[in-house]
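Peer 1: If you're matching them up, the sequences are chains Z, S, X and A in order. Each residue of the first sequence is one higher than the one before, counting from 9 in this note's numbering. Each residue of the second sequence is one higher than the one before, counting from 9 in this note's numbering. Each residue of the third sequence is one higher than the one before, counting from 30 in this note's numbering. Each residue of the fourth sequence is one higher than the one before, counting from 30 in this note's numbering.
Hints listed in this document are in silico derivations from the structure and should not be mistaken for laboratory results.
The calculated DSSO-like cross-link candidates involving lysine-lysine, where the alpha carbons are at most 30 Å apart (straight line), are:
#, chain 1, residue 1, chain 2, residue 2
1, Z, Lys394, A, Lys77
2, S, Lys225, Z, Lys121
3, A, Lys77, A, Lys148
4, X, Lys116, Z, Lys240
5, S, Lys48, A, Lys34
6, S, Lys271, Z, Lys38
7, A, Lys48, A, Lys138
8, Z, Lys48, X, Lys44
9, Z, Lys94, S, Lys106
10, S, Lys394, X, Lys150
11, Z, Lys96, S, Lys122
12, S, Lys48, A, Lys44
13, A, Lys116, S, Lys240
14, X, Lys34, S, Lys374
15, S, Lys394, X, Lys44
16, Z, Lys106, Z, Lys143
17, S, Lys12, Z, Lys29
18, Z, Lys117, S, Lys94
19, S, Lys365, Z, Lys48
20, Z, Lys282, S, Lys48
21, S, Lys385, Z, Lys48
22, A, Lys141, Z, Lys385
23, Z, Lys98, S, Lys122
24, Z, Lys240, S, Lys117
25, S, Lys394, X, Lys141
26, S, Lys48, Z, Lys12
27, S, Lys94, Z, Lys96
28, S, Lys194, S, Lys274
29, S, Lys299, S, Lys224
Keep in mind the model is a prediction, meaning the values are calculated, not measured.
Residue strings, one per chain:
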Amino acid sequence: MNLKYYFDYNSTTPTDPRVVKEIIPYFGTKFFNPSSFYRKAGEISIDIENSRERVAKLLNAEPNEIFFTSGGTESNNLAIFGITLKLKEKGNHIITSKIEHSAVLNTCKYLSKKGFEVTYLPVDKYGLVNPDDLKKEIKDTTILVTIMHANNEIGTIQPVKELSEIAHKRGILFHTDAVQSAGKMKVDVKELDIDMLSISSHKIYGPKGMGVLFKKKRVKINPMIFGGAHEKGLRAGTENVPGIIGIGKAAELAILEMDENEKRLKPIRDKIEKGIIETIPDVIINGNTDKRLYNTLNVSIRYIEGESILAFLDNQGFALSSGSACSSKSLEPSHVLLALGLKHEEAHGSLRISLGKYNKKEDADKLLEVLPPIVEKLRSMSPFWKKK
Amino acid sequence: MNLKYYFDYNSTTPTDPRVVKEIIPYFGTKFFNPSSFYRKAGEISIDIENSRERVAKLLNAEPNEIFFTSGGTESNNLAIFGITLKLKEKGNHIITSKIEHSAVLNTCKYLSKKGFEVTYLPVDKYGLVNPDDLKKEIKDTTILVTIMHANNEIGTIQPVKELSEIAHKRGILFHTDAVQSAGKMKVDVKELDIDMLSISSHKIYGPKGMGVLFKKKRVKINPMIFGGAHEKGLRAGTENVPGIIGIGKAAELAILEMDENEKRLKPIRDKIEKGIIETIPDVIINGNTDKRLYNTLNVSIRYIEGESILAFLDNQGFALSSGSACSSKSLEPSHVLLALGLKHEEAHGSLRISLGKYNKKEDADKLLEVLPPIVEKLRSMSPFWKKK
Amino acid sequence: MLYSKKVMEYFQNTKNYGKLEDADGIGKVGNPRCGDVMWIYIKVKDNKIIDAKYETFGCVAAIATSSMAIDMIKGKNIDEALRLTNKAVAEALDGLPPEKLHCSLLAEKGIKAAIEDYKSKK
Amino acid sequence: MLYSKKVMEYFQNTKNYGKLEDADGIGKVGNPRCGDVMWIYIKVKDNKIIDAKYETFGCVAAIATSSMAIDMIKGKNIDEALRLTNKAVAEALDGLPPEKLHCSLLAEKGIKAAIEDYKSKK
Ligand SMILES: Cc1ncc(COP(=O)(O)O)c(C=O)c1O
Ligand SMILES: Cc1ncc(COP(=O)(O)O)c(C=O)c1O
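Looking at chain Z on its own, in the form it has when it is part of the complex (with noise of 0.2 Å):
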């Protein structure tokens, strides 16, 4: 699969190819359209349902309360259109925070000018949203309060359980977007006593084109899609079996793994942090480090920007990503670091090193040898790095 220097997982992973083994039937000998009649469609229902429960698995939660999506994308969607669709007649308010996936921004940023109120609580330095800001901004006419559980880009991670409780308090419905966290990290859904909740297969080493919207049974919310009665009625669309497979085994998968990929992941991304501090002056941790997923880590690198830093590296080999404005097709750079605090240089600045189950200890060694001289020389052309 040629990942020695892939550091980019939160990005996308690659299929698990004991996933793919797992989907490849489907193309073939069961492609059946399971709605049909015969008795080999029927067993593909039953797959279907088998993969929900890896799934219910990986979330602590009931198999009836996962619904199939198209991925974490459309399962943002789902959750937010579906509630606000559904309660606009009891409330018009929205509270979400500043450094939530795009996903949950645009869609939000629509319903703001469709009549909807939202609220985009801050965060302090560190990425954290601050309980007390949800407790204030929580009015009567609040009907949806959705925020992420880990953040794609610096790995923070909320309090999504006291944020809930705060919000089931005033008897306000709490989504969290857990594509991140799900898969990584324990997700359990009664403990943190969560309404909804997205997670993407192509972050857990699944297929892409697919994801699920966790949904209490008791929690009612409009379709998005219309059509056929699948899904219970909620996403219609003849369902993507192989996808339906892959996400469960992947999950499965998850399940197995995660504590081994912790335990594996941590020293070798806290030796990346280091090494990075020592060998490279004037850098920034972004992000949390206590409360952080295990496997990101988001550092600004001043007076370069992260492009270029990028564009050396992959010529070396190496995959990263950057919040830099220049690596992605907006002209801003990214919304979450700068919500932190850091300047728009700094942001673009900053590069995320993101890792996985394939990423191995002398990968990162390699990476920590080839970084500090591209930042010496990138700063050696800066007409800020030598002014200090």
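Assemble chains S, X and A with the ligands onto chain Z, guided by the hints.
Peer 2: For chains S, X and A with the ligands alone, coordinates are given in the frame of chain Z:
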């Protein structure tokens, strides 16, 4: 693949092994997120554009008019919601037909609860929409006409070129659900002068969970799923790369094999039709035998019920479908057959035989051998048969 | 659609069907619009159902429940037969899919109707 | 992001960078907020740019266009250098992705600013 007695290609198709072969690397060595900065990710976006081109070729469209979705259902929803949300200041009237797929019908039904007015055009007893009816129903508030190209149950092919011309003369946009026609017959968006058109991958030997919306460049619609700037901002969500590659390859194969499939399958279908008429008394051929998909045959076998026939057939290894209520999860039989004017009991007794590229003449012969005794047995149980 | 083995067995190997020419009571229930019509024929002697048959237009569940219900009333006396519930029929078939439970109800009704018909003719 | 081979070449093997200690004109353009800052240094003799260098904070395109622009003005006289357009710089790099065209504009502006600075000091 054990497709010997599979006669349900309009429901779903196996993924062509050549498509599967082309997909596999995108789970492994080519798993990268096409939005990422590094070169290997950039290569994936090139592959996506190549796939877009292949699909464009199938429809004689431009690549920048092709948008990837999660399936035919989502494409239909996106077309209809996309236009109605965009143009709702201009008007609130939609025209469709009574025999659309539920992905169109239920979307329209939802809109009619939200203040839109929907006209469902009737069809004649062969399933054809009368263009004059369309002319009559258009009014100043009409913003969209959506009429399917070929019907999934009876195969009847609508005069979409004529229908879209009527709409265009009044300055109204025309969408067609071409999920059943694309890949089977020539679908030329320029010649037919279509503004938007939906297709589905799993109906053309591509993977499930993938669809396409063709949309003319000058036609502006609202997105339905919000998030990242994927698909030029029309459809957010990390791309389902294997799905996209798969539908591209499937489109390429369809272009190559379409004529050959027609040449081979039409005589087989005709033979089955003739055989049934000759060996089973009291049957009704549903649909328009002139303007009909070459792979589709729908027949009502009077005095007995479809699910029972399917069950006996299933025992002998045959996979077909029926318009009976019993074989689906609803209580009503096929709305398509009822729209033709069939009595409920005739609709309950319908069988759909839909052929595909792995069907052989011998399999059809076998079906003709097996079906009459089944019908005889069920009729011998039926209170209606002997009462004639 | 997933039926129990027992349902499929009763559906495939159904024997109790056909017209009972000299029936003492006939129960006609169901509606072709809904896809299920059941005619139950009974022959009664000394208050006992000595023979019974069915004719059914309907799905797998309708046919299987017809056949099972006939099995369950044959040889019973009328009062026993009247106590046959749809639940008992469904259970005897190792259950039915939820959306098919109405078929077993039809069988219960059909038997009741046939007995009523017999009684009314007496 | 897909850059041309030429862009990547100029980016990787960039040579014209660094401070020109005894520069006759310095052009400082761009804004760190936007992720691109370019400082162009020129040394002028007899109306001719005899040496030039850049310091750039920015992306691949910003660095490559800086370097290319320096190549394109070195040895030219001032009037020629003033006529250098962003289009010419982009073309010399075999094109830039559309969202990166502003970088070549920055190079053009930087050179103009440096020449202006030189003129104002004269
Ligand atoms: C936190 C978070 N939410 C949502 C998404 C969107 O999920 P998907 O890529 O499956 O659409 C992502 C990843 O892109 C993410 O990191
Ligand atoms: C005519 C027609 N339209 C739409 C669809 C829905 O497409 P998909 O199954 O990809 O959601 C189907 C098939 O189910 C169809 O036959």
